[in-house]
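Same order as they appear, the protein sequences are chains A and B.
According to this note's numbering, the first sequence holds residues 1 to 384 in order.
According to this note's numbering, the second sequence holds residues 1 to 378 in order.
Hints in this document: simulated from the structure, not taken from any laboratory.
Small disclaimer: the values here were computed from a predicted structure and weren't measured.
Among the clues, some could well be false.
To be verified - With a straight-line Cα cutoff of 27 Å, these simulated DSS-like cross-link-like pairs (lysine-lysine) come out:
{"#": "1", "chain 1": "A", "residue 1": "K85", "chain 2": "A", "residue 2": "K101"}
{"#": "2", "chain 1": "B", "residue 1": "K51", "chain 2": "B", "residue 2": "K330"}
{"#": "3", "chain 1": "B", "residue 1": "K27", "chain 2": "A", "residue 2": "K85"}
{"#": "4", "chain 1": "B", "residue 1": "K351", "chain 2": "A", "residue 2": "K188"}
{"#": "5", "chain 1": "A", "residue 1": "K352", "chain 2": "B", "residue 2": "K358"}
{"#": "6", "chain 1": "A", "residue 1": "K188", "chain 2": "B", "residue 2": "K27"}
Unchecked claim - Covered by chain B, according to a simulated footprint, are these stretches of chain A (three or more residues, beta-carbon under 8 Å):
{"#": "7", "stretch": "91-98"}
{"#": "8", "stretch": "336-343"}
As the list claims (entries may be wrong) - So these bits of chain A aren't anywhere near chain B, every CB distance computed over 10 Å:
{"#": "9", "residue": "V25"}
{"#": "10", "residue": "L65"}
{"#": "11", "residue": "L74"}
{"#": "12", "residue": "L76"}
{"#": "13", "residue": "D159"}
{"#": "14", "residue": "S161"}
The beta-carbon is built from N, C-alpha and C at its ideal position, and this holds for glycine as well.
Single-letter residue listing:
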Amino acid sequence: MIGGVMLQFDFFAWLAGIPQWLEDVILWIWGIVKGIIWWIWDIIQWVWAQVFLPTNFMFLFRAVLFPGLVFVVLALIWAVWFTRKLWGRIQDRRGPVHMGKYGGLQLFADAIKLIAKESIIPDNAKRWMFRFLPGLLLVIVLLPFCFIPWDFEYWYIADLSVSLVLVFAFLTAVPVIALLAGWVSGSKYSLIGGFRAANNQFAAEIPMIISTIGPALLAGSLSLMGIAQAQTNIWFAALLPINLATFLVAAIASVGVFPFDAPVADSEIIFGWRTEFTGIYFTLTYFAEFAEQMLYSALIVALFLGGPVGFPFLPGAVNFIIKFIITFFFFVLVSSSFQRLRQDQIVHYCWKYLLPLALLNVIVIMFAIVYLPGLAALLPLGGG
Amino acid sequence: MSPDILDEAMEIWFGPQHVSAHGWATKLTLVGDYVVECDPNAGYFHRSAEKVLEFKNFRQGSLVLERMCMLEAFLAEYPYVAAVEKIAEIEVPERAKVMRTIMMEMSRLHSIQFWWGQFNAELGFFTMALWPWVDREYSLDVFEELTGSRHTVSYSTPGGVKYDFTDKFMETLDRAVGRFEDRLQKFRDMQMGSPTFRARTEGIGLYDVKQGLKWGLSGPPIKACGVPMDLRKDDPDPNLSYDMVDFEIPITENPEHPGQSDALDRMEQRFKEAEVACDIVKQLIPQIPDGPIVDPKARGKANRLPEGEAYSRIEGTRGITSLWLKTQDKAQTAYRAKIRGPCIASYYALKDLVPGSKFADFIVIFGSLDPYPGWWDR
Chain A
1 MIGGVMLQFD FFAWLAGIPQ WLEDVILWIW GIVKGIIWWI WDIIQWVWAQ VFLPTNFMFL
61 FRAVLFPGLV FVVLALIWAV WFTRKLWGRI QDRRGPVHMG KYGGLQLFAD AIKLIAKESI
121 IPDNAKRWMF RFLPGLLLVI VLLPFCFIPW DFEYWYIADL SVSLVLVFAF LTAVPVIALL
181 AGWVSGSKYS LIGGFRAANN QFAAEIPMII STIGPALLAG SLSLMGIAQA QTNIWFAALL
241 PINLATFLVA AIASVGVFPF DAPVADSEII FGWRTEFTGI YFTLTYFAEF AEQMLYSALI
301 VALFLGGPVG FPFLPGAVNF IIKFIITFFF FVLVSSSFQR LRQDQIVHYC WKYLLPLALL
361 NVIVIMFAIV YLPGLAALLP LGGG
Chain B
1 MSPDILDEAM EIWFGPQHVS AHGWATKLTL VGDYVVECDP NAGYFHRSAE KVLEFKNFRQ
61 GSLVLERMCM LEAFLAEYPY VAAVEKIAEI EVPERAKVMR TIMMEMSRLH SIQFWWGQFN
121 AELGFFTMAL WPWVDREYSL DVFEELTGSR HTVSYSTPGG VKYDFTDKFM ETLDRAVGRF
181 EDRLQKFRDM QMGSPTFRAR TEGIGLYDVK QGLKWGLSGP PIKACGVPMD LRKDDPDPNL
241 SYDMVDFEIP ITENPEHPGQ SDALDRMEQR FKEAEVACDI VKQLIPQIPD GPIVDPKARG
301 KANRLPEGEA YSRIEGTRGI TSLWLKTQDK AQTAYRAKIR GPCIASYYAL KDLVPGSKFA
361 DFIVIFGSLD PYPGWWDR
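Chain B on its own, in the form it takes in the complex (with noise of 0.2 Å):
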């Protein structure tokens, strides 16, 4: 690059209020129709959630927490309630640890609904975001049936879960469950079969596994390479019960860059990981044993924690969501909680995966990989 080329660029501020910069802002340096530099910035979505947590009270932290990412409030809240078990020592019910898995990977599936509505939306195709979505509200009934709220759940809690599932709310888990099922088939056809959508996507934002690594990305992003990393697997959480289910690691190879992923294999790897969500909950629905939803002295363990820290990590939508817990003795509130959310790493993998591409790719790049702002400023 040489300076006299850096004379003509234009310095483009993409967000903090471009309609698809929700929470966000990227510097971006372009040279005709070229992105030579890209700049991501954080800080435009800060809500202090570390802090915050060092006021509120162990059966309160899961509220933050949930709020850090609503599109996938289950799965966000339950790092806080297992470092909280872990540092407590509670005994989670099987009856609950049952109902954490199905909701969390419902979560999964909505917030997996909702990325694909948003990254047509995205890449210009509003129909085909706008299909995704009409299944999303199925799957937020289901939550709405549960917990009362469509977003803030707060369902997972020290020592099990805080609503019983109804034959009301198994009927609507069914249709959700049933009905998506039936469409992504569909849709997916319609969707990877779509020469324009082809077009857009193959080749854009195109990584290979070390640099996906060297940036930290895990989830969908690096599984989209080939790589089977994910925690559900390697590391089961001892209070969700993963192993009471058979199933695969999604993983997408493309045969034409192997060991490399572009937009369409991510695209792809969502596909997948809705099949595979779908498939543990349906798995999961008979297996749910009778007995009771949450231990009964939990509650009063969890008041006052003793000294100790805890550390605890699951298998995000986006990736690993880990959470750090320090307590002091005999404390009602945490000394300190360290979140890591998956989306900080793919968020400034802009950083170095963008510069060359079209600036109308860009928005093709951020919405491939996926993050979710609330991740990256706590």
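Excised from the complex, chain A in its bound form (with noise of 0.2 Å):
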């Protein structure tokens, strides 16, 4: 070609790199892969340090293990077959008995038939809502289970100086979650359950929360740890009785268990904000509700029932875990021995009744520590 420039262009130096080149490209491939894999093992191997570290270790044993997930969720599936049974009992029946020895095994029938359902979500609900709100109630009552003094050393898993306070700013988010579930399911009844739910917890929060002013008052802490340990000398289920009592009624009507359970109220509106929710999505608000009563019982043990005080001879959280069950037991008898009241007579009996006691015993106990010496020096209060 003239005047042209030619490409020097070796056709067959060119066709014999292309190996090379491979070659290379697999290599650098390679490279990253390898990097990758490298700070994934670093990852790991840092993980596994931090957890074998002596103290991290416990911590994470506490956290999941004993005192942490595993155990309440066992306890949850020992609670609602416990519930299961002693309903069976007072209301002259034999409650599960097929699965397992004792029916022990009939709620991992009834989770297993439960989860294999189809989830049914109407047409009217906002699906994404109505798929991450039974989720989130769970995860929500969980939560507070790890401010619980199981033991006073060791066997616990947080201490926070206002862990009571934080407790019941997790708690006042379920009913939310229940009028939010209402709201969502697209269904009337769904919606009036849910304002029911809500009302529940307006008329029940300020006594509870009124009733665990006395303990916070006597152990001059609102920390769950600060105040059973100022249980030591006396419990105060002995100096806040009526408080005891208020504080019961009060958790029984912010969960919605007979007789408070308007919310969900069968005859009425069907399964109240609960209507919508089928398969996994029920067994979800299913546990969370009895989680609540757990977490409740719990409490009370905590602030009234001396924590982990009791035989001297028994660990710590075994004496806890027998007061748990004890409490647990009064929330089953109370809830199976009771007409359900109507939403109105609810607001009514908490506010007129149990906010003045609550506040009865906080001002007498107070009078008391004043012009009592012996008995204030009991408690953490020093006087004298």
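From the two separate chains plus the hints, produce the assembled complex.
Pasting the structure below:
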């Protein structure tokens, strides 16, 4: 070609270079992959080292296994079985008997059945909120368990100076979620149930928090651990018996089981805010109800019944669990022996009777501390 | 009621898929928590019983009737049998009369036991719902021992009854009545003494005699106002043996509101009804005469009836249960049968009774009147 530039290109040399080029590409990719693998391996090594650091390992053990998640879930399974069995006995029937010894595996059978069921989401429902809220509810109810003082040393997860306030902050979210769940379900019955749940909390929360002022005052602490430690000499149940009763009633009203089960009154509004939940979503809300009852039982033990204080020959956590079971028994007993109240009657009872009684006990005990020096000496307030 | 209040109203269908609505649907209009309008709807339980009766012969008809209300099967089937006996002029043996009466009162007892549990379940007290249902099992044992069936008993037949009382049956009967009489007193004190129960029922669904009679109520809902209106005394059926027993018509008079009844009075009235039913059964057991249990010629007589018409009525658990039967000459089936159940009156009474009450009280008012959908969907 005249006057043009000819590209000098050795085709055969290029052909011979292809394997080299491919090898380079593969090596380059391998380098990246190796880097990622090493990086992951480093992370694993670091996590491993962190986990098996003596302090970290035991913290994780407590958070995940013993007073933590696994223990709480096992206790939840036990609580459902215990409730059903006790309800059966009170109601002149046998409760679950077929699955396992004394029907102990009934809950697993029910859970498998419910999880295997089709999850129906109504057309009118807000789909993502409908899916999200039951799980959120269970998480919010399970979180406060980490502040429960199962024992004074070692067998507890976290001890905050304001854990009492934080627990109530979490629990206030529960009826809000119930209201939201009723709202996003897109059903009139669910909406009514959601508002009734909010109404229950409106009625019960103030008496409940006023009832906890007594223990907090006497212990001079807003930490559940501090309140439990203040009861080494004398349980607050002896000084604040009325507050114990008002807290128990307000807790039942706040959970929304019989006789305060207007939010899920099955004969009136089908199943309240849970009407449209099926399958796994229903299972989560059902577990959340039991977890909330258990949480309130544990709070009662920590606030009024001395926490881990008890038989000196037993470990503190065992003492706590014994008292916890007895308190939970009262929950089941009360919830199986009263008629359901109307929602305006719930507000009426809570505000007209519980609130003044809770205040009365606080005032009485304040005067008692001032005028009985021997009493004040039993408490960490000092005095005398 | 100004129109802008109704702008905020919410219409809600109570039924037919509602768990408390077993075969009925009521449209409620709510403003806030109050019911301002109540629209009872019939037709969700329709089984064409009256039409079916035109295709069944006169011994089969009572089987259709007992399915109108399975809770009081012995009582429900009887008006048809009585009407056939009237037209065919069939004599009933004395023994069969007493046996019928005993079983009808047992049926009343069973129905009250069931209602008691159901009402407590509607009020949200499942413990008290299951305790009467334990006693109900004993009543069902009685029915099963006698007829082999717990609900669809088909006991009365034109000219007598189908099955004789055996010794084992008498033991079962004594056990059921004795046990229930014992437990009735305890449960009654527990139920009426419960402050939460009183809080839910006192002053709920209050009406007076005049309103009740205007709506056409009968049975416990009107007797709870203090009106001694009872067909067992007022118009005793000649083929039943209520004249052999000595009993008072159970009525409830609340001194707080004389001439009126609320849900609490209607509960009290049912307890009294159950007591009287137990009393009648216990009085009749030693008086059962010997003899045949069915007229042997009745089967032939009931095969083809002469032309005629008959109206028969009894005091059912829920009120006056009646049936009008018209036959053609030498026909094997009825020309027309008209059933008048007691509950259509108490169901449509909700239309006037419920507005103004709270939504949560609707089911209490409904349960205290005890309408059974079989009686209005015929």
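Going through the numbered hints above, which ones does this structure break? Give me the numbers in ascending order.
3
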